[in-house]
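*Asks:* Protein chains in written order, with the numbering used here: chain A, 1 to 733; chain B, 734 to 912.
Treat the hints as calculated values from the structure; they're not laboratory data.
Keep in mind the model is a prediction, meaning the values are calculated, not measured.
Ideal Cβ placement from N, Cα and C applies to all residues, glycine included.
Heads up, a few of these hints could be off.
[What the hints assert, rightly or not] Here are the simulated lysine to any residue pairs, SDA-like style, with alpha carbons at most 20 Å apart:
(1) B/LYS842 x A/ARG635
(2) A/LYS69 x B/GLU773
(3) A/LYS654 x B/GLU773
(4) A/LYS654 x B/PHE779
(5) A/LYS69 x B/PHE779
(6) A/LYS270 x A/GLU248
(7) A/LYS559 x A/ILE466
[Stated by the list, open to error] From chain B, some residues computed to sit far from chain A (all C-beta separations above 10 Å):
(8) ALA755
(9) PRO881
(10) LEU894
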Amino acid sequence: MGRMEPKGFEISRRAFLKATAAGVGILSLGHELLDFGTWARGQADSPVVRIPTLCNGCGNRCAIFAYVKNGRLWKIEGNPEANGNLGVICPKGHGYLHELYNPSRLKGPLKRVGDRFEPISWDQAYKEIAQKINLILMENGPQSIFWVNYPQPNHLYALRLMHALGSPHYFTHGSTCYTARNAGWVYTVGELPSNDLSDSRYIMIIGRNPAGGIDLGQMKRIVEAKAKGAKLVVVDPRHSETAILADEWLPIKPGTDLALLLAMIHVMVKEGLYDKRFVMERAVGFEQLEDEMVNYPPEWAERICEIPAKTIFKITREMAQARPQALIHRGYHGAFGAQYLNSFQTARAAAIANSLLGNINRKGGIYFPKTAQLGELQPKHPAPELPKVGKADGTGVPGRYPLGSYGDGIAHAIPELALRGELKAGFVYHHNPLRTNPNPKRVIAGYKKLDLLVVIDTVLSETASIAHYVLPESFYLERDEAVDTKHSGKRAQVSIQQQVVKPMYDTRPGTQIIIELARHLGVGRYFNFDIEEANRLRLKPLGVTLEELKAKGILFVGKEWKEGFDKLQTPSGKVEIYSKTLEQLGFPAIPRWEDPFVSPDPNDPHSFRLLHGKQAIHTHSMTANQPVLMALSHRYDMIRLWMNQERGERLGLKDGDWVQIKSMVGEGRIRVRLTQGIHPSCVWLPSGYGIFSKHLKTAYDIGLSYNDFLPTYFDPTVGHVMASEIIVKVSKA
Amino acid sequence: MARYGMVIDETKCVGCHACRVACHNQNNLDEKEAYNHLEEREYGSFPNYTREFMPVQCQHCDNPPCVKVCPTGASHKRKDGVVLVDKDRCIGCKYCIAACPYNVRIIKKEGYIEKCRFCIEFVEKGGTPACVTTCMTGVRMFGDLDDPNSEISKLIIKHKLKQFKAELNTKPRIYYRKG
Chain A
1 MGRMEPKGFE ISRRAFLKAT AAGVGILSLG HELLDFGTWA RGQADSPVVR
51 IPTLCNGCGN RCAIFAYVKN GRLWKIEGNP EANGNLGVIC PKGHGYLHEL
101 YNPSRLKGPL KRVGDRFEPI SWDQAYKEIA QKINLILMEN GPQSIFWVNY
151 PQPNHLYALR LMHALGSPHY FTHGSTCYTA RNAGWVYTVG ELPSNDLSDS
201 RYIMIIGRNP AGGIDLGQMK RIVEAKAKGA KLVVVDPRHS ETAILADEWL
251 PIKPGTDLAL LLAMIHVMVK EGLYDKRFVM ERAVGFEQLE DEMVNYPPEW
301 AERICEIPAK TIFKITREMA QARPQALIHR GYHGAFGAQY LNSFQTARAA
351 AIANSLLGNI NRKGGIYFPK TAQLGELQPK HPAPELPKVG KADGTGVPGR
401 YPLGSYGDGI AHAIPELALR GELKAGFVYH HNPLRTNPNP KRVIAGYKKL
451 DLLVVIDTVL SETASIAHYV LPESFYLERD EAVDTKHSGK RAQVSIQQQV
501 VKPMYDTRPG TQIIIELARH LGVGRYFNFD IEEANRLRLK PLGVTLEELK
551 AKGILFVGKE WKEGFDKLQT PSGKVEIYSK TLEQLGFPAI PRWEDPFVSP
601 DPNDPHSFRL LHGKQAIHTH SMTANQPVLM ALSHRYDMIR LWMNQERGER
651 LGLKDGDWVQ IKSMVGEGRI RVRLTQGIHP SCVWLPSGYG IFSKHLKTAY
701 DIGLSYNDFL PTYFDPTVGH VMASEIIVKV SKA
Chain B
734 MARYGMVIDE TKCVGCHACR VACHNQNNLD EKEAYNHLEE REYGSFPNYT
784 REFMPVQCQH CDNPPCVKVC PTGASHKRKD GVVLVDKDRC IGCKYCIAAC
834 PYNVRIIKKE GYIEKCRFCI EFVEKGGTPA CVTTCMTGVR MFGDLDDPNS
884 EISKLIIKHK LKQFKAELNT KPRIYYRKG
């Protein structure tokens with residue numbers, strides 16, 4: 001049965017906003033509206049308003065329709081037009097909207113006084129922040145100020161603010177997430193591509209779990225490909241949720257994905273299975289690859305990665321048969337996003353293996369998505385000059401982290417830079433480094449060393465709890481946002497998050513906070529616009545109006561993707577199997593085997609590698625406090641450490657027992673899930689738990705975070721966090 | 734008239750729980766209330782291992798034990814195949830909970846019994862049940878079991894689909910596709 005839109009539910013958004021605005025209804029009726037039962041009884045046959053917007057339950061920003069009944073948010077549905085979610089919604093999206101009514105929300109700006117917070121007016125907070133920043137600017141210079149965020153659509157305005165102040169220090173969370181993967185692809189094919197899953201005949205996914213770290217569009221497309229007969233192979237030390245759909249699960253020894261890829265390349269080269277014409281015309285360095293790959297026959301790889309050689313032969317030959325409609329998924333965090341010392345070379349090897357399949361920018365292969373090219377605010381609103389000093393984290397600097405992403409920076413270096421006195425003041429926006437960065441004791445010490453810490457959030461997160469000032473952002477359903485190009489794909493799309501309900505408390509949209517901060521900091525000349533004007537300027541070249549976009553939430557703009565090979569954005573314009581850039585920087589110019597940085601002791605029954613990954617119901621540290629989602633964690637006993645059953649039994653454990661985990665930096669207690677579905681050398685911890693902010697009552701002190709056990713590492717090429725280089729000792733508690 | 738039913742393709746379920754939270758919102762449930770749940774099962778031993786999730790909800794039986802035991806007629810079967818509880822007639826005796834072999838009924842805090850309603854009020858306005866439309870892998874399909882040309886009727890015949898605990902002769906209107 002096809003999807004149907006309910007009839008007779010629409011009244012206009014204008015009429016709705018007018019109605020809810022009357023007498024600031026929501027604020028004055030606060031108690032009644034918070035009482036769910038009263039509302040639920042009254043809502044049975046009330047008119048419903050449907051407003052298109054974007055979800056903010058994770059970084060995917062799925063396009064949704066929000067339904068409002070009686071002035072209260074009712075539910076959301078997926079917008080079928082969106083590339084990224086194709087009309088469906090995940091549990092986090094459905095659950096996170098309840099944060100709107102969570103009593104834990106921030107209700108106004110706060111100022112630290114001693115060891116507690118006091119309310120402060122917005123104007124007074126801005127004045128005091130500006131005074132302190134100006135003093136720090138005078139004494140320490142502009143480079144001592146930073147901004148770090150998990151990017152929101154307004155991240156360019158945050159970047160503009162930092163540049164206006166003269167600071168290069170704009171950071172994203174990238175070094176804890178994906179910078180090794182990005183660099184591997186960029187240094188091989190020039191940019192980060194997408195996977196054309198729906199038209200693929202053979203899909204191999206290494207470490208990525210789109211059914212757990214949810215990517216709705218990818219999941220729909222995998223199911224579509226499978227219905228057309230495609231084969232799905234999932235390589236993961238744990239039987240991931242994606243592995244449930246797989247034709248074959250290859251439980252690889254963690255940290256050795258590079259060995260598998262090298263052996264697959266070996267087979268393709270030795271047996272002549274690769275796309276010879278593509279390699280001859282579109283790639284450089286095949287001869288050097290042939291020389292290096294001699295070292296990596298599948299029999300060698302079997303000893304390293306524990307995938308049988310005959311399986312490696314079989315899979316590689318099958319993929320070569322299906323090429324170019326065969327692909328190795330580009331990856332995300334898992335396996336080679338920011339996991340191991342060898343992650344950059346693993347990403348390179350994945351890019352090279354795909355290239356040998358001749359699938360680059362081909363149907364059913366790896367493709368370069370179409371992204372809408374938004375307009376600029378300048379010349380009408382001149383951009384500040386670019387900062388004259390480089391980033392203190394050393395991204396892009398030879399001798400430091402030359403392959404590191406300057407745009408992302410190395411955010412998990414902020415505590416060190418603060419302890420060294422190089423950073424003195426910071427803004428943390430929609431991000432919670434105290435919980436999402438490794439080794440929290442160090443992160444707390446670093447962030448506490450700052451002369452000024454301003455946190456912009458919707459709740460008192462761990463990071464907000466130690467701030468000098470907390471500026472409360474309106475919830476995503478209460479605010480208009482900057483236009484967004486997140487839904488790139490076969491056709492470029494532009495999308496917008498817009499206000500659905502009036503703000504419940506004294507909160508402001510993030511973009512407005514950035515603009516108001518700029519004005520108080522004396523750089524208002526770069527921010528002589530509001531969000532509406534900025535959005536109109538950004539949309540101008542796309543030929544769509546803000547009104548058209550707001551009516552639909554998401555619009556196709558620009559041409560459709562077509563297969564074919566154009567000049568790549570690499571120095572040679574071709575696939576760089578051999579990279580001269582890497583050679584000049586002193587890194588291996590052809591991927592070669594590298595061991596992980598640390599490995600568990602095979603003779604110690606207590607020694608394991610600690611892996612982590614997402615469950616479908618939680619995002620980072622931001623959803624554990626949502627009662628609707630946390631109820632699921634408890635009901636399904638999901639807050640457990642996965643351990644191979646035989647290894648557990650050797651430690652005298654039964655399913656559900658409490659264990660003690662200990663690494664060189666931390667320890668904690670958790671219950672185990674004994675299962676046959678995980679490689680014996682590792683344990684797996686679901687991420688999203690271990691909240692230690694006492695202000696988040698639903699989540700406080702439940703479960704653990706892998707960051708409690710991860711030492712502070714900076715991979716020597718990219719500077720990423722090496723998030724799975726953790727050895728723990730596990731014993732019965 | 735349409736007589737509703739559902740096909741649940743267990744082979745596609747990855748256990749994300751979107752169906753439960755979508756249902757929660759659609760039906761204004763409390764945190765701990767749910768009209769559907771998942772049963773996870775594991776098979777084999779490492780490395781030849783697999784697992785599956787089975788989504789379970791009211792099976793809208795054609796021979797519903799809950800209706801038979803209900804002393805007030807609150808649990809009732811409609812002409813369109815849907816089993817509902819009339820909360821105004823429900824006295825909260827819980828006989829239906831004891832009689833239902835699928836463990837899918839809950840006690841609302843007001844004291845009456847509730848369960849999956851196939852989102853029938855929403856369906857009557859042209860909607861599709863929330864658990865169906867939210868699913869990223871398309872586990873559930875909703876449709877008319879009396880129409881031999883409906884997609885679900887064709888699927889049931891094509892794959893010879895069976896009902897859950899069919900041996901109890903409850904005659905569920907939900908058919909499962911297993912791996």
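*Asks:* Confirm or reject each hint.
*Replies:* Right, here's what the structure says about each hint:
{"no.": "1", "hint": "B/LYS842 x A/ARG635", "in the structure": "holds (18 Å)"}
{"no.": "2", "hint": "A/LYS69 x B/GLU773", "in the structure": "violated (35 Å)"}
{"no.": "3", "hint": "A/LYS654 x B/GLU773", "in the structure": "holds (18 Å)"}
{"no.": "4", "hint": "A/LYS654 x B/PHE779", "in the structure": "holds (17 Å)"}
{"no.": "5", "hint": "A/LYS69 x B/PHE779", "in the structure": "violated (50 Å)"}
{"no.": "6", "hint": "A/LYS270 x A/GLU248", "in the structure": "violated (24 Å)"}
{"no.": "7", "hint": "A/LYS559 x A/ILE466", "in the structure": "violated (48 Å)"}
{"no.": "8", "hint": "ALA755", "in the structure": "violated (5 Å)"}
{"no.": "9", "hint": "PRO881", "in the structure": "holds (14 Å)"}
{"no.": "10", "hint": "LEU894", "in the structure": "holds (16 Å)"}
Checked against the numbered hints above, the structure breaks hints 2, 5, 6, 7, 8 and satisfies the rest.
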